[in-house]
Amino acid sequence: MNVRTLLLPLLFAANQGLSQGFAGLGTDAEGFAVPAPNPVFDFPADHGPHPEYRIEWWYLTATLTGADGADYGIQWTLFRSALEPTDAVGWQPTQLWMGHAGLTTADDHFHAERLARGGIGQAGVEAEPFQAWIDDWAMSSSAGVGEDAYSALTVAARGAEFAYDLDLQATGPLIFHGAEGFSVKSADGQASYYYSQPFYEVTGTLTLPDGPMEVTGTAWLDREWSSQPLSPDQTGWDWFSLQFQDGARLMGFGLRSETRANYTSATWIAPDGATTAYPDGALRLTPLAMAEVAGRQVPVEWRVEMPARGVDIETTPLNPQSWMGTSFPYWEGPIRFTGSHEGRGYLEMTGYD
Amino acid sequence: MTWAAISAILAHWRRHPGQCATLVLGLALATALWSGVQAINAEARASYDQAAQVLGQDQLARLSRADGAPVPLDTYIALRRAGYLVSPVIEAEIRTPGARLRILGIDPLTAPPEAQAPALTGGEVAFTDLLGTPGRLFVAPETAQRPLPPDLPPLILAANLAPGTAVTDIGTAARLSGQEDPSYLLVATRQPAGLPALAPDTFRLTLTEPQSGNDLARLTDSFHLNLTAFGLLAFAVGLFIVHAAIGLAFEQRRSSFRTLRALGLPLRRLVVLLGAELTLFALVSGLIGIALGYAIAAALLPDVAGTLRGLYGAEIAGQLSFRPAWALTGLAIAGLGTALAAAQALWRVSRLPLLAPAQPRAWAMATRQSLVTQFGAAGALALIGVLLALFGSGLIVGFTILAALLLAAALALPGVLIALVSALSRFATTPLREWLLADTRQQIPGLSLALMALLLALSANIGVSTMVGSFRTTFTGWLDQRLASELYVTARSPEEAQDIRAAIQDEVQAVLPIIAVETELLGLPGRLYGIADHATYRDHWPLLDATETIWDDIAAGQAVLVNEQLARREGLGIGDMFPLSPDWALPITGIYSDYGNPEGQAIIGLALFGERFPNEPQLRFAIRVPPADAPALAERLRGDFNLPPGNVINQDEIKRFSLRVFEQTFLVTGALNILTLGVASFALLTSLLTLAGMRLPQLAPVWALGQTRASLARAELWRTALLAALTFLLAIPTGLALAWVLLAIVNVEAFGWRLPMQVFPGDWLRLGLYALLAALLAAAWPAWRLSRAAPSDLLKVFAHER
Amino acid sequence: MMRGTPVLHIQNLHKRFLTEDGPLPVLRGVSLGLEAGETLALTGESGSGKSTLLHLIGGLDYPDEGEITIDGAEIGALDDKGRAALRRDVVGLVFQQFNLIPSLTAGQNLSFQARLAGRHDPDWDQTLADRLGLTDTLGRYPEQLSGGQQQRVAIGRTLAARPRLILADEPTGNLDEDTGDAVLDLLLELAAETQTAVLMVTHSRRLAARLARQVHLSHGQLATPSEESAAE
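Chain order of the listed sequences is A, B and C.
With this note's numbering applied, the first sequence corresponds to residues 1 to 353, in that order.
With this note's numbering applied, the second sequence corresponds to residues 1001 to 1802, in that order.
With this note's numbering applied, the third sequence corresponds to residues 2001 to 2232, in that order.
Hint data in this document are derived by calculation from the structure and do not stem from the laboratory.
Mixed in with the good hints there might be a few duds.
[Unchecked claim] Listed next, the in silico DMTMM-like pairs over lysine to aspartate or glutamate satisfying Cα-Cα at most 20 Å (straight line):
| no. | chain 1 | residue 1 | chain 2 | residue 2 |
| --- | --- | --- | --- | --- |
| 1 | B | K1655 | B | D1480 |
| 2 | C | K2081 | C | D2071 |
| 3 | C | K2081 | C | D2061 |
| 4 | B | K1796 | C | D2080 |
| 5 | B | K1796 | C | E2045 |
| 6 | B | K1655 | B | D1629 |
| 7 | C | K2081 | B | D1793 |
| 8 | B | K1796 | C | D2061 |
| 9 | B | K1796 | B | E1251 |
| 10 | B | K1655 | B | E1635 |
| 11 | C | K2081 | C | E2067 |
| 12 | B | K1796 | C | E2020 |
Just so it is clear, the structure is predicted and the values come from calculations on it, not from any experiment.
Bound-form chain A, shown alone (with noise of 0.2 Å):
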């Protein structure tokens, strides 16, 4: 889940222009921390959060199957914003904290924001035992002793119309992105931490206008970290999560850029959860059909090939009108994709203006 790494800078305007970052280099100029490479992950202190980098989020999606036989989908992120490397207490925020939660059915599109300043109780992240919460959203950790945290949790959020609330079960274990979870967003070079959890089980309960319904799925939690933001030209991503009948996943993005060549980067994550990284190149994202969302064209329907492994499909949205409204807003939603291969996935969009 590559450059959502850069979504907050732009989210939070006083953010942008920070000084580049420097691959290699340990702090940037105003004292955060950067990504370098060769990670050594600190379970379960890294499942937390990291105030010393500018920006990190916990970020859930779901595809889901209602006791109708319907498709679903649901969102559950929380974005943590540093105003400075530091976690400090009281009124006068160091932190900022941002959560987005969004809820798909073939007709419908919810969503809720919420935001909050870290320091007092409102909103935050704890790695032991693990939760992350605004206000009374929550995704905690339900998993037994010895187990990794996020092995198993509960997420629940609600909006002005709407509600979830869901039991995950990890099947498989987490899985690290680019190289052991050093994962480079640009051929400059800025780069994040990110790993997943992309094999769970789920099952709860959606509330919607009509009334609850019951829900079983899948889900996939992305776990990412930084302090860079994009390259000047880059205009914005998509990115993709998709789900093989084979219990293969695959994770892709492309980030679009006015000057350049679109730069890709690809995860193929074996049932088995082993992972091979691919370079810019190997993932190539085609758009196919648009539709106009929110008064703007987006292209929602997509051809997605990845030659090395054999994959050609054609993805359409369960909900092509799957738009955040959000302070900024983006699209977001659950797919289902035939060709080579069948199954289902999420797609999110960014910086179509």
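With chain A fixed as given, assemble chains B and C onto it according to the hints.
The following block gives chains B and C in isolation, referenced to the frame of chain A:
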């Protein structure tokens, strides 16, 4: 034909530039006073709206502690974590000697959209600057001009903020005020799906529904209604001028109109032309009036601002901003005024018989029948007023009574004047005096509109000055009772307070703590005081009603005192149980007067207060010392404890300050009073000028029978003086009735206190002299012209050509 | 008062009016005399200056040249006050219209000048009211009276003050012929009884003929009718 007609119609104004000026000036004056007052009201309302909109309290409910204490931070977080969309606000006042600033700290991250966190979402200020240290303060440009406390964060100007208020991030507010817990929480109108309804009790909070219109608007309503009433009065008086000027201009052009009609100008076109002419006048005068009104408003606004600050603590901008809507209303009012004043004249023209001789007649000659009708209407209005006074209630009813009263007096005036003059003429001994009185009597209908204007102005003057005078006398006496202690000290910390007390304990007669909390009394903001058991209160407290054992009960913590406005508002009396919080009530043992304070107030014993509010810091106290020793002690305290001058105040200073606030409160009323009287005199002048031309047939025979023009001119002066004097005599009872309504009905409704009425005959005498002077000034010019009239003008009366 | 006592003497009277075309001479050397009880009709065309002459005699306007002596007093020397006293005490004025004070009743109008002059005699008022047929109308206001009634009140008012000289300017000009004749008859009858001199301006030769003497004003100068006929 049309062009010829236009030039014939307009030629009149070239030949009578004075009349043209009178018409324009009259209309401009009427428009100016009305729209000036409207401008002031609009400015003030805009300020209140800004104050209200800052945090959307006109749309958002609030959660706060019943005892007025801040909401604990934990409670706020608990509410958020339960899913409720509430947003914290820290409200604090930073005071330094000579400067104060209200700080509103909001959380832009959780503030509901209705709170319109102003300008915070704009792109001018970087988010990091706003949320970081030192942060930023958003203030109105006017606030930035005022003296402000030192060491503030950088100011950002934002146009739509209330004066005297700074909006900032809650983090900055917490740092500036030292307050960590939110003062209250804003509740978003739309809460998430599926949450149980918010139960404030669970969190030990109370919910205040959004205030439609805000507290300030409600509190100051009476004041603005007052201004509006004055503006309307001035407008009505101004219309008398316009009516007279238009009447004269049409009367003088009667023969031209007839000639034009005879020459073939269709009646409709004539009326349309005259209408266009009047529209032009309305437009020009309206524009002048708006300019004048703006000037009046700009001149009065600082006083109004002072009044509102002193009386209600309401901050309004001292600078007038120009509002196009207001200017348009001003023009509309000018047009409406012209239409009202010209309706009669235009109707006459439309009925003008083509062939009747062009013989001027007293157009305002009222028949006995119309006098009777007027008198009947006056009686009916007076009856309505009395019935309303007996059975009605509310501020609007109060002002309706005032309107009915004034209108009744005005309508009755011509009849009463005729009766008085008739009665006087029985005592006339010389033929000349007989004639003078008979002629005066006959002139009354023609002058009645101007005299009504004078009556209204004089009555308003007497009424308002009686009210203000009564208020002043009562207020001064009340201050003496209420401010019995010699010195009032405010410490900067509870420790300092302790030190000061310890230092002076032995050399003063008593140290009396003054301690209070802001709280809600029966649902509205108010204050609860703790009071020591001391002779200072037992002997001096201004009680209106009390039980025998009042002070013992208070000292024992078994009773409560409430102020008059609270008692009146809630219909409370001695012995009623007064709920101080949902689970706490005490019997009322006394009701005391509390002038100059719009809010409710209650007092309990000091010991009980300490039990109930143990955390309330004890900072202020009153000191009893022999008055002669007070200045020296004050000086010593300031020196020994390095207290700012404003923290040690002696009784005299407070009294002086209170009285200054009081005087300022009625400054505007006084200014409007004088303006109204001026306009009324002008109305009289124009009416006399209008009548002067028509009076020659009345005067010429007397002249021919052996009077000099000078003696006739003197007679004219006498006549006007007589009418003014009689009108003034009638204004006294009218004004006193007005004062009674103001004191017994309007004040009670508006402020919650009733004052004993006192009369000030000395003031009347002075006003009577002013009125006489004004009337004589108004009559002087027409009289002077008469004394210089050419004999041929007088002789024309008897000749063929008339 | 004996007939033969001179009441009015006019010597070489000149009066010009200022107009837009320059001064317009109205009276050019008029001389005239009148004795107690004598009645004189002054006739002339419209604009011949007869009203002007009357106004000059009544002290209502000022001559440019010449002398007017009334009852032995030269009025040219009188100031505004003196002229007011003259109008009040010595002469009585009757105009064509608007003689009466609108705010006073007929009765009050009748006695007004006499009271001003300090010569009020209620009995004489009553006599005059009877003679003029006004007894029933004394309580009414001028606007409630007919034109004939108004002129009778005006004449009564003049006579009530017992002036030496009555100056009447077309006193019947607004009345129909019969009413006018009746009013004039009354005036002449009462003037004769009280030995009051009457100078009446009229354009009607018929009415003029009813007075003892007639003079004709033409081009600002006087001519007696006999002289005129002689000239013819």
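Between C:K2081 and C:E2067, does the CA-CA distance stay at or below 20 Å?
19 Å, holds
Would you mind confirming whether the straight-line C-alpha gap from C:K2081 to B:D1793 stays at or under 20 Å?
19 Å, holds
Measure nothing beyond the straight line between the CA atoms of B:K1655 and B:E1635; if it is 20 Å or shorter, mark the hint as holding.
Cα-Cα ~19 Å, so holds.
Does B:E1251 lie within 20 Å of B:K1796 when you go C-alpha to C-alpha?
18 Å, holds
Does the structure keep B:K1796 and C:D2080 at a Cα separation of 20 Å or less?
19 Å, holds
Can the restraint linking B:K1796 and C:E2045 be considered satisfied, given a maximum Cα separation of 20 Å?
Holds. B:K1796 to C:E2045 sits at ~18 Å (cutoff 20 Å).
Under the criterion that the straight-line Cα-Cα distance not exceed 20 Å, is the pair B:K1796, C:E2020 satisfied?
19 Å, holds
Does B:D1480 sit within 20 Å of B:K1655, going by the straight-line distance between their CA atoms?
Cα-Cα ~8 Å, so holds.
Between C:K2081 and C:D2061, does the CA-CA distance stay at or below 20 Å?
Within the cut-off at roughly 13 Å; holds.
Need the status of pair C:K2081, C:D2071: alpha-carbon distance at most 20 Å?
Holds: C:K2081 and C:D2071 sit about 17 Å apart, inside 20 Å.
Holds or violated: are the alpha carbons of B:K1655 and B:D1629 at most 20 Å from each other?
18 Å, holds
Run the distance test for B:K1796 versus C:D2061: straight-line Cα separation, threshold 20 Å.
12 Å, holds
In summary, the structure agrees with every hint in the numbered list given earlier.
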